Amino acid sequence: MLVTAIFIVCAITAGYCAWINFKLPATVYSRIRALLLALASLTFLLSSPYAGLQYDRLKAQTDAETSAIRTRAEAARIATLMTAFGESYAVIEYLRTTQSQ
Numbered sequence: 001m002l003v004t005a006i007f008i009v010c011a012i013t014a015g016y017c018a019w020i021n022f023k024l025p026a027t028v029y030s031r032i033r034a035l036l037l038a039l040a041s042l043t044f045l046l047s048s049p050y051a052g053l054q055y056d057r058l059k060a061q062t063d064a065e066t067s068a069i070r071t072r073a074e075a076a077r078i079a080t081l082m083t084a085f086g087e088s089y090a091v092i093e094y095l096r097t098t099q100s101q
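Going by the numbering used here, the first residue of the sequence shown is number 1, and it counts up by one from there.
The set of hints was computed from the structure by calculation and includes no laboratory data. Watch out, some of these pointers could steer you wrong.
[What the hints assert, rightly or not] Here are the in silico distance ranges between beta carbons for each label pair:
| hint | residue 1 | residue 2 | range |
| --- | --- | --- | --- |
| 1 | T13 | E65 | 33 to 39 Å |
| 2 | Y55 | W19 | 25 to 31 Å |
| 3 | A60 | P25 | 23 to 29 Å |
| 4 | Y16 | S67 | 40 to 46 Å |
| 5 | I12 | D56 | 20 to 26 Å |
| 6 | V28 | Y55 | 37 to 43 Å |
| 7 | T83 | L58 | 47 to 53 Å |
| 8 | E74 | L35 | 53 to 59 Å |
| 9 | I32 | A73 | 53 to 59 Å |
| 10 | T66 | V9 | 28 to 34 Å |
| 11 | D56 | W19 | 27 to 33 Å |
The structure presented is a predicted model; accordingly, all values stated were derived computationally and were not measured. Virtual Cβ for every residue (Gly too), placed ideally from N, Cα, C.
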């Protein structure tokens, strides 16, 4: 959304600059500059939805990767706790069997 807004602002700015250049005294360079700025404005305007989509897709991919990393970390933490519990249980069983003898 933000990327789309930035592209639209750039399109409006380039269009305004093209209009100002078109209003300048008619020289070949001012007309060429006005046409190039109008082309840039059109390019920004047409590519803004695509840029927004790409940004959203990248953000979703990053969120999914972050979620996967978080899930792996939680699984490792649970495995560590289970191992610690298993070792504690083994020690308790060992002590119980040695105490009963």
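Verification of the hints:
About 35 Å separates the C-beta atoms of T13 and E65, a value consistent with the hinted range of 33 to 39 Å. At about 29 Å, the beta-carbon gap between Y55 and W19 stays in the expected band of 25 to 31 Å. Taking 23 to 29 Å as the suggested C-beta distance range, the pair A60 and P25 does not conform, at roughly 51 Å. For the hinted restraint 40 to 46 Å between Y16 and S67, the CB-CB distance of approximately 43 Å keeps it satisfied.
Distance hint check for I12 and D56: the Cβ-Cβ separation is about 22 Å, which falls inside the suggested range of 20 to 26 Å. Range check, V28 to Y55: Cβ separation about 39 Å, and the 37 to 43 Å hint holds. For the pair T83 and L58, the supplied restraint of 47 to 53 Å is violated, since their beta-carbon distance comes to about 37 Å. A hinted range of 53 to 59 Å holds for the C-beta pair E74 and L35, which are about 58 Å apart.
In this structure the supplied range 53 to 59 Å holds for I32 paired with A73, their Cβ-Cβ distance being about 57 Å. Restraint check, T66 to V9: a C-beta distance of roughly 29 Å satisfies the suggested window 28 to 34 Å. Checked against the hint of 27 to 33 Å, the pair D56 and W19 passes, with Cβ atoms roughly 32 Å apart.
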